[in-house]
Amino acid sequence: MWSFFHKLGSPPWLFRISGSLLRWLAPLAFIALLIGLSWGLLFTSPDFRQGNSYRIMFIHVPTAVVALAGYYVMAVAGAVSLIWRIKMAEVAMLAAAPVGAALTFLALVTGSIWGRPTWGTWWVWDARITSMLILLFLYVGVIALYEAYDNKASGARACAVLALVGTVNIPIIYKSVDWWYSLHQPASIKFFGDTSIHSSMLYPLFLCIAAFYALYTCALLANMRVEIIARERRTKWVQRLVGEAV
Amino acid sequence: MSSGQQGNDVSLATLLLLILRRQLLLSLRRPVEVAQPLLFFSLVLLMFPLGIGPTAERLAPFAAGALWIVALLANLLAVEGIFRSDFEDGSLDQLLLSPQPIYFLIMPYLFAHWLSTGGLLALCSPIFAYGLALNSAGTPVLMASLLLGAGVMTIVGALGAALTVGLNRGGMLITLLIMPLYVPVLIFGVAGVNAAIAGQSAVPFLSLLAGLFFAALALGPLAIGAALRIGADN
Amino acid sequence: MSSGQQGNDVSLATLLLLILRRQLLLSLRRPVEVAQPLLFFSLVLLMFPLGIGPTAERLAPFAAGALWIVALLANLLAVEGIFRSDFEDGSLDQLLLSPQPIYFLIMPYLFAHWLSTGGLLALCSPIFAYGLALNSAGTPVLMASLLLGAGVMTIVGALGAALTVGLNRGGMLITLLIMPLYVPVLIFGVAGVNAAIAGQSAVPFLSLLAGLFFAALALGPLAIGAALRIGADN
Amino acid sequence: MYFESLNAALSMGGHGTYVWTAYGITVLVLLLLVVTPYRKKRRLLRELRGEYRRESAQQDAAQSGP
Amino acid sequence: MGEPFLETVDLNIERGGRQLIRDFSLRVNSGQLVQIRGSNGAGKTTLLRVLGGLSRFGFTGSLHQSESLLFIGHQSAVKALLTPRENLLFHLTGEGVHRGIDIERALASVGLYGFEDVPSSQLSAGQQRRVNLARLFLTRQTLWLLDEPFTALDQAGVLLLEDRFRAHLQSGGAILMTSHQPLQTIQPDVELDLSGL
Amino acid sequence: MGEPFLETVDLNIERGGRQLIRDFSLRVNSGQLVQIRGSNGAGKTTLLRVLGGLSRFGFTGSLHQSESLLFIGHQSAVKALLTPRENLLFHLTGEGVHRGIDIERALASVGLYGFEDVPSSQLSAGQQRRVNLARLFLTRQTLWLLDEPFTALDQAGVLLLEDRFRAHLQSGGAILMTSHQPLQTIQPDVELDLSGL
Ligand code: HEM
Ligand SMILES: Nc1ncnc2c1ncn2[C@@H]1O[C@H](COP(=O)(O)OP(=O)(O)OP(=O)(O)O)[C@@H](O)[C@H]1O
Ligand SMILES: Nc1ncnc2c1ncn2[C@@H]1O[C@H](COP(=O)(O)OP(=O)(O)OP(=O)(O)O)[C@@H](O)[C@H]1O
Ligand SMILES: [Mg+2]
Ligand SMILES: [Mg+2]
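First to last, the protein sequences are chains A, B, C, D, E and F. No gaps in the numbering here: position 181 of the first sequence is 181 in our numbering, and each next residue is one more. In our numbering, each number is its position in the second sequence, counted from 1, plus 1000. In our numbering, each number is its position in the third sequence, counted from 1, plus 2000. In our numbering, each number is its position in the fourth sequence, counted from 1, plus 3000. In our numbering, each number is its position in the fifth sequence, counted from 1, plus 4000. In our numbering, each number is its position in the sixth sequence, counted from 1, plus 5000.
The shape of chain A in the complex, shown without the other chains:
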């Protein structure tokens, strides 16, 4: 167990493993995404209430779900890097931020586009939408903070602290926003929840969610590998690697 942690902490090992992992996970993710999206886009029958616009769900929901999970990945990595002083956890945290931000952005945009035909508006202050917006700000905050530091060693730690504080707060924020929304429940239709998803739509949806998870992992690892090289530039193994890469 500890030896495993130890290994995780060792850059060359992580670099090698992530490389071999990417080699088969990346194509898999790509294929899954291709199948899932085209399935949802072209091969399912339209929703009886929303017509074809619901096909956006096959991106919207997976991105939203993965974006949420992504914040916890980032925060846990930050915590580990602070508590156990594991450098690679720090790398993971830094790598997770842009990926999560991009997915959150997608969830918001696709949702917003979806909202136009379904509710006749680009934007509503629904609870989940609002918390998603806040999540985007949390992600961007981490990125901006790191960018703002000249001394990257300090910057990474600062981000870890911020991410950690964010984790403590996210449940509170979510609960409070949910509850705030329930306070002034608008007269119009209840947005989520009763969208009864027909089983024929479920399979492609699950496939898409799985595909997005896989894609997230790939992007995360790829970002980590770059950061690892940058940090280990003074070590023998990186110099060898660079020599080979010629």
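Simulated from the structure, these hints should not be mistaken for laboratory data. Bear in mind the structure is a predicted one, so any value in this text is a computation, not a measurement. Treat the hints with care, as some may be off.
Claimed, not checked - Cut-off 30 Å, straight-line C-alpha distance, at most; resulting in silico cross-link-like pairs (DSSO-like, lysine-lysine):
1) 3041/D x 236/A
2) 236/A x 152/A
3) 3040/D x 87/A
4) 87/A x 236/A
5) 152/A x 3041/D
6) 152/A x 87/A
7) 236/A x 3040/D
8) 152/A x 3040/D
Stated by the list, open to error - Restraint-style ranges between C-beta atoms, simulated for each label pair:
9) 147/A x 5108/F: 26 to 36 Å
10) 3049/D x 19/A: 18 to 28 Å
11) 5118/F x 19/A: 32 to 42 Å
12) 2187/C x 233/A: 53 to 63 Å
13) 4181/E x 171/A: 51 to 61 Å
Unchecked claim - A few chain F residues that don't get close to chain C, going by computed Cβ distances all over 10 Å:
14) 5014
15) 5063
16) 5102
17) 5179
We put the beta carbon where it would ideally sit given N, CA and C, even for glycine.
Got chain A; can you put chains B, C, D, E and F with the ligands on it based on the hints?
Coordinates of chains B, C, D, E and F with the ligands only, in the frame set by chain A:
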């Protein structure tokens, strides 16, 4: 070594009192900076009648929200500089070097800032509440919630200030860092006042705020201390 | 003397362009900083639905006021430091020593500041206006009034900053005098938007703002220049 | 294939613009997400190669110096 | 005095991708004056901040210092809003409250008699520096880390400061300082030049 | 070269209720180096700012200076957010735009070769000072007013600067400077001590 022990001999209480006096004196030396949140407060509240017409029945339902938003913005304005000048003139280094636990040394900073923003606003809020035709039933709850909420916002804001203290352009970044964390405070605060107006009990909301406050008070200074050590190292 | 003539030989235009580039570079040093004002706006605006309520009928009456308040806030936050860093690191002395008329040398400062706060906000205000459910009839007026108003606020704010630049944050009573000058701008701006929404003509308000703007533009730099000379003399 | 014609697939009963733009934006962002790390990596490797060359050159100079 | 006030072994410091300090070892004992020299940008300040425990990242090697020390850096650490007296009273070094009479004596001994209650913003560059250095006459710390203590001081000020150094060393203290000018009336026990590294 | 670059007669300066400068007369001609000395708080900076036309109030007496001069004060006048290159490009002295090649040469001649594009916030105290002094290698002004130009500079830096002074004087310029250390390789033509006043 004598020096070390000596350093610890000093009772922590006297030291905290000393720092507190320092902070208060500093804020008294620039009265307008202290008054600025209030000024801003009154200026903004001038806007709301403009937006929705000055009649009481139109203003009243929004009064609580408006007051709370402004309090939040005022706090945001002030908190950014809580550590800045000490960093720039090197006093912060002294603080970080002192043998006493940084956890406590931060407290006076927070307390002084809380007094000069939250305390002040809470004190004056009844006047503004009257100006916005807030149902008088809500006023005491408003004051209490502002006091508690300002505490949380001060601690969270100080964390943001500490994280950005080393960067010679903190101004807008800090907003991005701390505003999301202000959200629950705002929601509970407004809800409490509105509940009181509606004749329900505001206790649950106040106790929620109190919970947030004490949680922040327990954990906040730890994070702030760590953040200061990091920020000062840039 | 050669030196003197040489100093004047430099075409004023090139010099102003140079200073403008400097100011813009300083305000947008890093890629993220370009986005920061926008993030700031959206974050502050996010507080309004949370404080007042998510439904359009609750938000709409506030939209104009809210957007204007954010504009003012952003201006306040930024303008206070428009000359400070130049004063602290001595660049301001250089500016005052340069043979060209200070009246013009100030313009780039004002323009850059106006661009990076008012202009940007005005540009993006339609999006935010949509989010706050502002009646779309008001949007164009909102943009126009924000552009003009930000100009006035920048000049007035710069005057305040210049007057207080030398007093190192000590008893800056001048802000007390400056703040009220913001009020008419806010009133005209919000009133104009509301008029447009109510289907009346917003022209009178906009022309009032324009009047203020051009008056400020004509007299402001003179006052600012004088204020800087005094302030730098402390 | 649910749609019987390409046009039907494109129009999607009036919702085509929404759906296709949503998918389009998604594909774009995902592409960026995947491509950036690889471009970063290539740039970094090139940079490091230069750095190592410079250092080795300096070391040689230092050795040949005294 | 057994254990040293400060000891570091094989210290390596990197900043901005450059290796500033390589395999640096130092041991400061009671009564010792260590002067660090080196060209601009050699790494003196960086080294001093690491040794003082102010920057905790970006270096490798063992480092152990007496649990409390006095650090005076480039910046004046003088609050322009406060008078010299207040500046010394409300210091943040955690040494507790100084008696008013001590403060006045300290200010007098740095030649600021009569300036106790002038706003520090109105003091000259050297006078502000002196306010900060007055802390050397108040502190009870034994290990001093001083970064360019002589900047902005006139001749008299320099000699005054060196006298204080001598007294401190005789009373068993230790000083680690950087300076571009050579000392005039004292001989440093150890003299390091970073330019070479 | 007829008229002097700077001339003042019976200058009296008062600050904080104290008479700092009394009946001070000075005349700086082409090719002259004037060094002002004096203890901390004697009034050197104040005097220099008055002579430079930076503080226009609180003094009596006639003052006439060449309509444009170069002033370098206590502060670094270096923007931490900008790189050294940008700092020299976007200077505010109203001397117009310097050519990139000139800027690089100036930076090189103050020993900052290779630091052109490092954020100035990451430079050492002395390096920042050098960025500011690089302006002496760019300017075309003839009259220089320098307040403590040697602060934070190492030995090499001091000599470098004195060489630049010599060149400037030979080319018909004039320098009015304050300094606590005596100059090493040049003799000032006029040496004033304010402590006496
Ligand atoms: C601005 C517009 C929108 C935004 C920002 C948005 C955002 C979100 C978010 C954050 C989630 C949460 C995913 C999760 O928690 O698992 C979500 C899920 C979902 N959204 Fe949206 N949404 C928007 C519009 C819509 C619209 C118009 C619909 C269709 C009526 C819709 C249908 C759904 C569904 C069915 C889910 C999955 C429900 C679940 O997983 O529990 N969304 N959306
Ligand atoms: N704005 C001011 N108000 C009141 N007194 C001032 C002001 N500026 C300077 N003084 C006083 O004038 C005296 C001279 O200040 P100045 O900065 O000219 O001294 P200096 O000769 O430059 O000293 P140093 O060698 O330390 O730079 C100081 O005693 C200071 O207290
Ligand atoms: N935060 C940082 N990031 C990157 N580089 C840095 C940082 N801090 C210092 N440096 C670099 O480290 C070098 C040493 O800086 P330092 O301030 O220690 O020099 P110094 O010896 O104190 O010089 P001086 O005599 O001018 O004070 C400088 O070249 C500087 O560019
Ligand atoms: Mg240094
Ligand atoms: Mg001086």
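Against chain C, does residue 5102/F keep a CB gap of more than 10 Å to every residue?
holds, 15 Å
Since residue 5179/F was said not to touch the interface, does its Cβ keep a gap of more than 10 Å from each Cβ of chain C?
About 18 Å separates residue 5179/F from the closest Cβ of chain C, which puts it past 10 Å; holds.
Do residue 147/A and residue 5108/F keep their Cβ atoms within the hinted range of 26 to 36 Å?
holds, 31 Å
Given a hint of 32 to 42 Å, does the C-beta separation of residue 5118/F and residue 19/A actually sit inside it?
holds, 34 Å
Is residue 87/A within 30 Å of residue 236/A, Cα to Cα?
holds, 18 Å
Taking the Cβ atom of residue 2187/C and the Cβ atom of residue 233/A, is their distance within the range 53 to 63 Å?
holds, 59 Å
Does the Cβ pair residue 3049/D, residue 19/A satisfy 18 to 28 Å?
Given range 18 to 28 Å: holds, Cβ gap about 19 Å.
C-beta pair residue 4181/E, residue 171/A: status relative to the range 51 to 61 Å that was hinted
Since residue 4181/E and residue 171/A have Cβ atoms about 60 Å apart, the given range 51 to 61 Å holds.
What's the verdict on residue 3041/D and residue 236/A, does the C-alpha distance respect the 30 Å limit or exceed it?
Distance ~18 Å between residue 3041/D and residue 236/A Cα, so the pair holds.
Measure nothing beyond the straight line between the CA atoms of residue 152/A and residue 3041/D; if it is 30 Å or shorter, mark the hint as holding.
With a Cα-Cα distance of about 18 Å, the restraint between residue 152/A and residue 3041/D holds, given a limit of 30 Å.
Quick one, are residue 152/A and residue 87/A close enough, alpha carbons at most 30 Å?
The hint holds at about 13 Å.
With a cut-off of 30 Å on the C-alpha distance, tell me whether residue 236/A and residue 3040/D pass.
holds, 21 Å
In the structure shown, no violation is registered for any of the earlier numbered hints.
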